[in-house]
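Chemist: Let the hints inform the model, and build the full structure from the sequences given.
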Amino acid sequence: METTQTEKVLTRNIGPDLLPTDMVAYEANGGYRALHKAMSGMSPNDCLEEIKASNLRGRGGAGFPTGMKWSFVPMGEKCSPGHKYLVCNADEMEPGTFKDRLLMECDPHQLIEGMILAAYTIQADRSYIFIRGEYLVAIERLEQALTDCYQKGYLGENILGSGYNLEMHVHTSAGRYICGEETALINALEGKRANPRAKPPFPQVSGLWGRPTIVNNVETLCNISHIIDKGPEWFQSLGIGEDSGTKMYGASGYVKNPGCWELPIGTPVREILEKHAGGMAEGRKFKGFLPGGGSTDFLVEEHLELPMDYGSIGAAGSRMGTGTMIVLDDKTCPVGMVLNLLRFFAHESCGFCTPCREGLPWTRQVLEDIEAGRGRKEDLETLAHQVKFIGAIGNTHCALAPGAMEPLQSAMKYFGDDFERHIEQGCCPYTVDMKAQDISAEGERD
Amino acid sequence: MPTIYIDGQAYEVEEGKNLLEACLNLELDLPYFCWHPSMGSIGSCRQCAMVQYQNEEDTQGRIVMGCMTPVTDGARLSLNGERASEFRESIIESLMLNHPHDCPVCAEGGECHLQDMTVMVGHRDRNYRGNKNTHRNQYLGPLINHEMNRCISCYRCVRFYRDYAGGTDLEALASHDHVYFGRHQDGVLQSEFAGNLAEVCPTGVFTDKPLLNDYSRKWDLQSAPSVCVGCAVGCNTSPGERYGRLKRIQNRYNQQVNGYFLCDRGRFGSDFVNSESRINFAGIKQTDGSYQAVKADDALSQVASFCQQGTVAAIGSPRASVEANYLLRRLVGNQLFSTGMSDLDQTLVQQVFDTLSTTRAISPSLHQIESADAVLILGEDVSNTAPRLALALRQAARNKALALAADMRLEPWMDAAIRNLAQDQYSPVFIVGVHDSRLTDISETSISLAPDDIARLGFAVAGEITGASIGGLSDELAALAGTIASALKTAKNPLIVSGTSLMNSAIIHASAAVAEALSADKSTMLSLSVPECNSLGVAMLDGGEGMGFDALTASAEQGEIDTLIVMENDLYRRAPVEVIDQLLGNIKHLVVLDVLDNATLSASQIALPVATFAESEGTLVNSEGRAQRYYPVFVAEDDRLPSWQWLSELGQVLGLSGFDQLQHFDQVVQACAQDTPALSDITAAAPDHQFRNRGLKIPRQPVRYSGRTAMLANVSVHEPKQPVDEETPLSFSMEGLNVGQPSSLMSSSWSPGWNSNQSIQKFQDEAGGVIKGGSAGVRLITPGQGVGLGVGGTSIPEAFTSSDIELLLVPVYRVFGSDELSHEAPAINELSGDAQLILHPNDANSLLVADGDGVTAIVGDAEVSLEVLIATSIASGCVGITVGMPGTQSLIIGSAVSLQKASDWQRLKPQLIATDNPNAPNCGVQSGVSCV
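Chains S and B are the protein sequences, given in the same order. Take the first sequence: its letters are residues 1 to 446, numbered as in our numbering. Take the second sequence: its letters are residues 1 to 932, numbered as in our numbering.
Quick caveat, the hints were computed from the structure, so don't treat them as lab data. It is possible that some hints are incorrect.
[As the list claims (entries may be wrong)] DSBU-like mimics (lysine-lysine), calculated; alpha carbons at most 30 Å apart, straight line: (1) Lys256/S with Lys413/S; (2) Lys492/B with Lys78/S; (3) Lys230/S with Lys152/S; (4) Lys8/S with Lys152/S; (5) Lys78/S with Lys132/B; (6) Lys721/B with Lys192/S; (7) Lys331/S with Lys256/S; (8) Lys199/S with Lys78/S; (9) Lys377/S with Lys132/B; (10) Lys78/S with Lys52/S; (11) Lys17/B with Lys285/B; (12) Lys37/S with Lys78/S; (13) Lys388/S with Lys8/S; (14) Lys331/S with Lys377/S; (15) Lys772/B with Lys78/S; (16) Lys78/S with Lys489/B; (17) Lys192/S with Lys17/B; (18) Lys400/B with Lys522/B; (19) Lys400/B with Lys388/S; (20) Lys17/B with Lys588/B; (21) Lys492/B with Lys400/B; (22) Lys37/S with Lys152/S; (23) Lys199/S with Lys17/B; (24) Lys192/S with Lys400/B; (25) Lys400/B with Lys199/S; (26) Lys8/S with Lys52/S; (27) Lys285/S with Lys331/S; (28) Lys413/S with Lys388/S; (29) Lys8/S with Lys37/S.
[Unchecked claim] Partner residues aside, some chain S positions facing chain B, computed with beta carbon under 10 Å: (30) Arg376; (31) Thr382; (32) Ala392.
Heads up, the beta-carbon is just placed ideally off N, CA and C, and yes, glycines get one too.
Modeler: Here it is, written out as structure tokens:
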């Protein structure tokens, strides 16, 4: 198999043998060059045009074009007087995803430089890194990096003599999956319940404290300094296919070499799985995979040749999501895997809207019954009904419940016979000797 | 007007509405939970789903929430199509996963919006096999019961309690399907609007606790249109009765007055109707001081004989109806009639009436108050004296948010989006009082000043507006006056709120001066609060012709009064004990008509039992100047009669001229209107007794009323004849129509399929709008020409100078406790607490007292020892006293008092230090029992 040559961009300072960078190491490798460039002569609009031209798309999962998102922020006189905010979504909680952690722990300045540039572009004067509370190492390193930046004059008043002011703070999340949803994140940042907000109005016009706000994922923001430094054409040339730049890909599950790699966006699935993840573990056969975290649809053998980009994975009926795949093997029960995910999602529902709050626990209960051998034929109808009922954005208040339905609906599509065998045999065929009761006990709610 | 297509049918709908409102306005049934006409949309329950199609070709469509989707011209929708219906049924099915099957024993049953919606969507069979979630319930105080298992997480409770009413101690806690609506720990709900939770909650989580403790099925309650007697706001209520007991008060929608909400004093304070202290029979005092019950006729002839033995004077009451006061006045003649208010109260209420009749500013309804975009509150602690007004002011403060929203093209019903956008930005509200208020959180500036300084600041504001400086203010206050003036001048709908509660005429004058100054340029509102439910009515009746209270006592002292008739008035609440003792000692005969036993009644030779508001008809004039009629909910037991009826009969026994034409209520209303120009329109407050709806009287009992033939079977197997009501257009029956009558005759609302209070939308011209046929009541006051209400020279008081020796006694009001009758309701009484003196920490320090200690206040010869409450916000040089509470009458407001620590003070209540009773309110410690 032909392998793709990679120019390391986001991970140029990151590797198994490299120490995490501090200010000196980061600057020694070209760090803050983009900031100096922007502050000495680039207008916010120049920066925006560069990002727009780069075709950078949001790396948090939805793949929304970053430049377009920023362009909705009211600028100059169109903006009523007051603060504007840039928020980094570092609340990485998507099951199977650990790419942002790597970026923040090993090269914190890369994120901060990207954030300063992003904030400058939208003329925000306050910025927050909303970070998952468990990421203790990342929190410590980011806080150190912020201190260094204030000392260097990269943050604070009159940054590099440009007249531009920016405050930046690390805010540790109290820990809910839903905080990854940008409006729930904003509510949490305001000290409110982490319930998503109805849109419109979008955060770009009415976000944090009712002011214009941009929320971007860590990986998205890490790209910014490189685009400003080297230009959009260079960035576009990094990708294979339609999308631009590189992407942090990952693999978990029974693969030989689970991990996280920076590869050109559009690298084929098979290459990630076989070359980088080293193929399936000993004695395990490939059965399927969730391409981009727990809230994406299963894909199977026939999809292995697809390039990992937004369009191709989307066309196959799934989503690239975070780009970090969870691989299902032939010895792992797909029903059990989906149940595990549903337990997570039912627990992480914010409890705001009815279909999600009530529908996910019901779905979990049905899956528990099936997995424990108590399933009935009509349960499959119930599951199909739930998928239809809560599986569409619009039926629910936000995308959490529809996301939770993605692995279920695709598992029923590709592994339907597994569900039926559970019901016919009255037990999980993958764990015949495991007592059904044990599994049901596991399903106790917290 | 946009045209929308619902299930293929074209409808014209109003622009700016959402689809749910549009459907309800079209009288289409679309189920909903979280949306509320006063609270807007958040889209949490997902119940009001419809399918919206892109265009005519689109056959797929997508599910949209009616409450979150604006109407757009040409929109194509499916309401009753299979997909929309199935989705809505699935929502109910989801809500029912954890909802207990306890409808038969649930207090909400039969009046439950969740029941109605469940039936409406047709959900029946349960497919879920899991267990139901259960929660631990909390003790929330004596007013509200908590049963969390029934919760469907619609978020209405917290949205009302926190967002709408400004409460802070009710929260949405936990997440996913464990969301819990309650307090951080058990304890009394702190908001005086907590009772509305019982109506806001679409099911039985929050229910009316006093009702629960004396329960009747809600469809078995007999009710009539009524008006709250708790304060002068005049909220419309719907009291419910069964077995001769007043079971509960529910809100009666009047868009102009109370809208959907009541305060807890109004909702729970009417329990005095069931009090053990009610008088049931006429009594004649024996030599041993006890009363012998006598027949009504005998009592009347005895009263008549008193009346024939010399001069008769009478004291009316601002808590009795216009009609009763009118008859009393007519009985003794204008010159011998006192309204029953103290001279100061009378002067102030008269001043309010004169001001409202003279000023160009309008006396606004609460609905109009909600449109204010800048508010100056001058001296009135409305949260305690007129709570529902405070709730309206809270909505007025949101007009800033609505203006910001309009700039962003957000519709006013997009509640969550608007709150997120505006955060804590409010329209300017300035509060000037003698201490801080519960509206401080929405105010731009709250400041405590002595009453005269409040007036001075008011005049300074008026001066800033007209350009005439009054001078003599501190720099800080002068700057504040400038800020207030400029905020009021820039506003579109400025509002000045003031009233009589500080018993300071200059404050009312100052508020009128501000309103008048603003009126030169724009429409301005001036809302003046008065003390009691009919204060304004009796002042309008009296017109300054009657005998003042002091004149009456003086006349009695001269021996000019032989018999005194006191109606519905405990004089000992109006003046120091010695004054009243002396007055009563100077007359030969005292006749008292009242509902409850009290000190005045106990001094009478003859006591006549009076029907309460719930057992009689009458007209009250609220502080807006709106005359509103209330009707008997049930027939008064035993020999109780409405005051007007006692007086009418007395007049007939005495053979007084014209009383033969005053035998019926409508005749009294007519006569009162004819004789009193200010009250000439009270006949229009409601239709007369001849009104018929399609040939029938209006039934007091709902169509679902049950047990009429059986409810008294344990007494007699013969079904009693239903009482006949000759005085009103209402009948004690379920026969007749409760549709299409004027709203003043709507006792409750019910519509097929809509058994809960949500059915009111079937009677409104639009969701949250006016009841078809107009809002109840008639406004008696029209704005005048504004003569002589400018920045008055002589009426500006001198600046207050505090003294080291003496403090100025200022009144402090309590929503629970300051009001006479609601204090007799057990649940309210439990919350009332004791009378207190409110001291500034500096004064407390110099007296070496702490909270709960006793302080003796000395004015001349009068000495009163009361509990101390320390408050940093009390105006410097002032000491507050909780007025209206037992033990406070001897101290005259406005006098200078000296204080000393009460030497032998015993704490009134044991101080709870710890308990093992989890239901004990306000106890943080959970182990060990020890009471000091």
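Chemist: Hint by hint, note whether the structure agrees.
Modeler: Here is how each hint holds up against the structure:
1. At roughly 27 Å between alpha-carbon atoms, lysine 256/S and lysine 413/S fall within 30 Å of each other, so this suggested pair holds.
2. Taking the CA atoms of lysine 492/B and lysine 78/S, the gap is near 25 Å; set against the 30 Å cutoff, the hint holds.
3. Note on lysine 230/S and lysine 152/S: the hinted pairing holds, with a Cα-Cα distance of about 23 Å set against a maximum of 30 Å.
4. Using a Cα cut-off of 30 Å, the hinted pair lysine 8/S and lysine 152/S holds, with the two alpha carbons roughly 27 Å apart.
5. Restraint check for lysine 78/S and lysine 132/B: not satisfied, since their Cα atoms lie roughly 52 Å apart, outside the 30 Å limit.
6. Of the pairs offered as hints, the one joining lysine 721/B and lysine 192/S is violated, with about 60 Å between alpha carbons and a cut-off of 30 Å exceeded.
7. A distance of roughly 15 Å separates the Cα atoms of lysine 331/S and lysine 256/S; the hinted pair therefore holds under the 30 Å criterion.
8. Between lysine 199/S and lysine 78/S the CA atoms are separated by roughly 21 Å; this keeps the pair inside 30 Å, and the hint holds.
9. The suggested pairing of lysine 377/S with lysine 132/B holds, with an alpha-carbon distance near 23 Å, which does not exceed 30 Å.
10. The suggested pairing of lysine 78/S with lysine 52/S holds, with an alpha-carbon distance near 20 Å, which does not exceed 30 Å.
11. Among the hinted pairs, lysine 17/B with lysine 285/B is inconsistent with the structure: their alpha-carbon atoms are about 65 Å apart, more than 30 Å.
12. A distance of roughly 27 Å separates the Cα atoms of lysine 37/S and lysine 78/S; the hinted pair therefore holds under the 30 Å criterion.
13. At most 30 Å may separate the alpha-carbon atoms for a hinted pair to count; lysine 388/S and lysine 8/S exceed this at roughly 42 Å.
14. In summary, the hint linking lysine 331/S to lysine 377/S is supported, as the alpha carbons are separated by about 24 Å, within the 30 Å threshold.
15. Restraint check for lysine 772/B and lysine 78/S: not satisfied, since their Cα atoms lie roughly 44 Å apart, outside the 30 Å limit.
16. The straight-line distance between the Cα atoms of lysine 78/S and lysine 489/B is roughly 27 Å, inside the 30 Å bound, and the hint therefore holds.
17. For the hint linking lysine 192/S to lysine 17/B, the alpha-carbon distance of about 28 Å falls within 30 Å, and the restraint holds.
18. A C-alpha spacing of about 19 Å is found between lysine 400/B and lysine 522/B, which places the hinted pair at or below 30 Å, so the restraint holds.
19. A C-alpha spacing of about 42 Å is found between lysine 400/B and lysine 388/S, which places the hinted pair above 30 Å, so the restraint is violated.
20. Of the supplied pair hints, the one linking lysine 17/B and lysine 588/B is violated, its CA atoms being roughly 68 Å apart against a limit of 30 Å.
21. At most 30 Å may separate the alpha-carbon atoms for a hinted pair to count; lysine 492/B and lysine 400/B meet this at roughly 12 Å.
22. Distance hint between lysine 37/S and lysine 152/S is fulfilled; the C-alpha atoms sit about 16 Å from each other, no more than 30 Å.
23. Among the hinted pairs, lysine 199/S with lysine 17/B is consistent with the structure: their alpha-carbon atoms are about 17 Å apart, no more than 30 Å.
24. At roughly 22 Å between alpha-carbon atoms, lysine 192/S and lysine 400/B fall within 30 Å of each other, so this suggested pair holds.
25. A hinted pair counts as satisfied when its Cα atoms are at most 30 Å apart, and lysine 400/B with lysine 199/S qualifies at roughly 21 Å.
26. For the suggested pair lysine 8/S and lysine 52/S, the alpha carbons sit about 22 Å apart, so the restraint of at most 30 Å is met.
27. For the suggested pair lysine 285/S and lysine 331/S, the alpha carbons sit about 8 Å apart, so the restraint of at most 30 Å is met.
28. This hinted pair checks out: lysine 413/S and lysine 388/S have alpha carbons roughly 14 Å apart, not beyond 30 Å.
29. For a cut-off of 30 Å, the pair hint linking lysine 8/S to lysine 37/S stands: about 21 Å separates their Cα positions.
30. About 9 Å separates the beta-carbon of arginine 376/S from the nearest beta-carbon of chain B, less than 10 Å, and the hint is met.
31. A cut of 10 Å between beta carbons decides the hint on threonine 382/S: the least distance to chain B is about 6 Å, and the hint holds.
32. The criterion of a C-beta within 10 Å of any C-beta in chain B is met by alanine 392/S, whose closest approach is roughly 7 Å, and the hint holds.
In terms of the numbered hints stated before, the structure departs from hints 5, 6, 11, 13, 15, 19, 20, listed from lowest to highest.
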